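The lines below spell out each chain.
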Amino acid sequence: MKILIAEDDVETGEFIVQGLQEQGHVVDLAQDGVSALDLARHGMYEVIVLDRMLPQLDGLSLLKSLRQSNVQTPVMFLTAMGGIADRVDGLESGGDDYLVKPFAFSEFHARICSLGRRPPLGEPAMKLKVADLELDQISRSVRRAGKVIDLQPTEYRLLEHLMKNVDRIVTRSMLLESVWQFNFDPKTNIVETHVSRLRAKVDRGFEKELILTVRGSGYKMLS
Amino acid sequence: MRNAHGLSTPIKMTLLYAIFFCLSVIVLGGIVFVGIRNSLESQLKAHMERNSGELLGEYRQEGLAELRHAIHERLVENLPSRLWYSLRGPNGKVEFDPLPGFPESGWHTLEAPEELLVFSTQLEDGYTFAITSPLNEIREAERAVSNTFTAAVLLILFFGMAGGYVFTRQFLAKLDRLRKAADTIGNGDLRHRIPLNGSGDDFDQLANIINTMLGRIESLLLEVQQVSTNIAHDLRTPLGRIRQKLETLARSPQTEAPTREVIESVISLLDDTLATFSALLRIAELKSGARRSGFVDVNLTLILENLVTAYSASAEESGRKLILQVDRRLMMLGDRALLTQLFANLIENSLLHTPVGTEITLLACRVGRYLEVTVQDNGPGVPAKELSQILKPFYKLNRSRTDSTGGLGLSLVAAIAKIHDAKLLLSDAQPGLRVVTVFRGRERSREKSKDRSTRFRRQAIFSFESFTGYDQEARPGRPERKARGDIAGKMNSHIDP
Chain A
1 MKILIAEDDV ETGEFIVQGL QEQGHVVDLA QDGVSALDLA RHGMYEVIVL
51 DRMLPQLDGL SLLKSLRQSN VQTPVMFLTA MGGIADRVDG LESGGDDYLV
101 KPFAFSEFHA RICSLGRRPP LGEPAMKLKV ADLELDQISR SVRRAGKVID
151 LQPTEYRLLE HLMKNVDRIV TRSMLLESVW QFNFDPKTNI VETHVSRLRA
201 KVDRGFEKEL ILTVRGSGYK MLS
Chain B
1 MRNAHGLSTP IKMTLLYAIF FCLSVIVLGG IVFVGIRNSL ESQLKAHMER
51 NSGELLGEYR QEGLAELRHA IHERLVENLP SRLWYSLRGP NGKVEFDPLP
101 GFPESGWHTL EAPEELLVFS TQLEDGYTFA ITSPLNEIRE AERAVSNTFT
151 AAVLLILFFG MAGGYVFTRQ FLAKLDRLRK AADTIGNGDL RHRIPLNGSG
201 DDFDQLANII NTMLGRIESL LLEVQQVSTN IAHDLRTPLG RIRQKLETLA
251 RSPQTEAPTR EVIESVISLL DDTLATFSAL LRIAELKSGA RRSGFVDVNL
301 TLILENLVTA YSASAEESGR KLILQVDRRL MMLGDRALLT QLFANLIENS
351 LLHTPVGTEI TLLACRVGRY LEVTVQDNGP GVPAKELSQI LKPFYKLNRS
401 RTDSTGGLGL SLVAAIAKIH DAKLLLSDAQ PGLRVVTVFR GRERSREKSK
451 DRSTRFRRQA IFSFESFTGY DQEARPGRPE RKARGDIAGK MNSHIDP
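Heads up: the protein sequence lines correspond to chains A and B, in order.
Using this note's numbering, you'd call the opening residue of the first sequence number 1 and step up by one each time.
Using this note's numbering, you'd call the opening residue of the second sequence number 1 and step up by one each time.
Just so you know, these hints were derived from the structure itself, not from any lab.
These numbers were taken from a predicted model, which means no experiment stands behind them.
Zero decoy hints are in this set.
As a list, the in silico PhoX-like pairs of lysine-lysine whose alpha-carbon atoms are at most 20 angstroms apart: (1) LYS423(B) with LYS392(B); (2) LYS129(A) with LYS201(A); (3) LYS220(A) with LYS208(A); (4) LYS129(A) with LYS147(A); (5) LYS321(B) with LYS187(A); (6) LYS396(B) with LYS187(A); (7) LYS392(B) with LYS187(A); (8) LYS287(B) with LYS392(B); (9) LYS147(A) with LYS201(A).
If we take Cβ atoms under 10 angstroms as the criterion, some of the chain B residues that face chain A in the derived model are: (10) GLU247; (11) ALA275; (12) ARG282; (13) GLY294; (14) TYR311; (15) ALA344; (16) GLY409.
Negatives, chain B to chain A, calculated, CB over 12 angstroms: (17) ILE19; (18) GLN61; (19) VAL166; (20) CYS365.
Backbone N, C-alpha and C fix where the C-beta goes; we use that ideal spot for every residue, glycine too.
Produce the entire structure from the sequences given, and follow the hints as far as they go.
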């Protein structure tokens with residue numbers, strides 16, 4: 001993936017660039033808002049990562065100008081501004097994801113990957129298919145190898161999210177945000193419990209296990 | 001203002017004042033009374049002695065006949081002096097002006113039938129001469145004095161009571177203003193100040209002093225809070241950098257697997273610290289009240305249903321049970337994410353600090369204009385004296401326990417409740433901990449009719465339950481209706497504008 005990072009802190013910038021390059025991405029680093037906007041307009045990036053407090057042009061204004069010049073590239077805010085209102089502001093101004101510093105690189109990477117390969121807007125898939133597992137988003141029914149699998153609403157949402165991100169790591173906090181709308185880190189293992197229940201219904205009795213646990217990161221649906 | 005004896009303080013103070021006033025007027029009246037009487041009496045006595053002396057002088061010079069003559073003259077000439085003269089013979093025979101049995105000599109009073117003052121003198125040849133004056137003038141003067149003072153006492157009683165009541169009321173109103181302000185401040189609102197009445201009186205001066213003191217306390221507390229917030233904020237950046245370095249090290253191909261494990265455990269320790277700092281910053285942010293502008297209409301029912309759906313699986317897995325009883329469409333003004341976190345923290349608190357087999361019950365219902373959410377468990381509970389402590393940051397019930405939650409969960413609950421103007425009541429669920437959160441509800445006219453139907457249904461269920469001899473205690477975790485009423489009553493005094 002081609003990724004633009006707008007980050008004025010040299011150390012953090014290098015940490016991100018190095019990590020992403022190790023994962024095989026092409027990365028450009030801008031250290032102020034104006035050059036970041038210039039790069040973002042013409043660079044054909046798949047994902048843009050913005051700090052909110054950039055010299056010359058702050059992240060929110062940068063994003064506004066970008067959207068005005070009709071650049072629809074997914075944008076993730078990576079910022080130390082972790083207040084309740086800050087997050088809302090970031091997402092309301094058109095950001096697609098919001099990650100607060102300090103962060104774990106695995107979390108950051110999983111979110112970048114999820115953003116970069118979003119299906120194009122306007123044509124939502126009606127059916128998701130991973131291996132022999134099928135999910136019908138209209139009838140909200142799930143089948144594996146032709147056999148109907150009865151899921152609870154939470155389990156359905158969990159599976160839907162995993163299937164949309166097939167072959168990509170989905171972290172615990174990504175699931176908490178998208179499935180439960182929790183913006184905090186619960187002290188109990190609610191994600192683990194629901195995933196293991198889902199796994200019991202989707203994978204048990206079948207030859208190939210589709211839901212994989214990635215140690216220290218999250219979960220991954222294998223195609 | 002009412003005390004244990006039933007009389008309100010202004011009435012008591014007024015009565016006390018009035019009694020003191022009246023007593024002093026009565027004493028004054030007594031002094032005046034005695035003074036006037038003594039003075040009138042001594043005047044009268046002097047007058048009688050002078051008359052008696054003159055007559056006796058004539059008697060000694062000229063004899064009895066001249067005495068009679070002189071008395072006669074006086075009676076004719078000098079009527080207004082109103083003195084009577086009597087003369088009694090040696091054998092008790094009354095010579096003139098009969099006077100019933102007056103004694104031999106000296107001062108006496110007689111009732112014949114009006115009150116008389118008699119001054120009698122023994123003459124040489126067995127005669128007794130008496131000069132007499134009626135006392136009615138003195139008595140009238142006495143009556144006039146005592147009537148005047150009685151009227152004065154009554155007037156003083158009336159005006160004293162009325163005035164006293166008004167003044168005491170004013171005084172106590174000022175005192176009450178101080179008391180109420182102190183109460184508000186004592187309940188944690190350090191920004192509150194005692195209002196001044198602008199007169200610059202003693203109370204204003206006192207209020208000024210207290211306000212200055214409060215300002216100092218507030219700024220000191222803010223400084224302390226600011227310091228801890230600053231520490232949390234400023235340490236986040238270097239800790240974040242340390243985390244980055246450790247992660248780079250862990251990722252590096254040169255790092256051996258055992259070293260990587262150590263690094264990862266250090267990172268997770270660092271993450272715990274960072275989480276504590278985040279929670280501290282979140283609490284500080286909430287305490288500043290910044291979020292209130294973003295409040296929207298939220299459906300508390302949905303929030304609670306989502307939470308129970310989210311947590312019931314892990315509760316079951318851990319051998320606990322999560323029960324939800326909730327009214328439909330409990331609407332309020334608030335922040336959905338924060339309210340979710342509030343009840344998530346309460347549920348997690350119950351899940352993490354109770355033994356296997358515990359039932360955790362969530363009850364949510366409308367009580368008048370308020371929404372009452374009860375989260376309670378039947379676990380070991382919290383000792384009564386520690387109930388008020390557990391909302392404090394870093395407070396841990398069992399100090400010996402190493403606890404990764406850091407002791408900020410319930411502080412965050414309190415901060416979120418406060419920003420929603422909600423009342424948080426902790427009590428003993430016997431057994432277990434009961435946390436009741438009372439929010440101000442939000443009703444729209446259309447929903448009102450719906451709610452009414454729900455309420456009727458609830459009442460119907462309750463009456464049916466009582467009809468069949470339903471034992472409320474048989475269903476665990478349901479707070480008694482009475483307790484609910486109490487809470488609603490408390491609410492009125494705390495939240496009503």
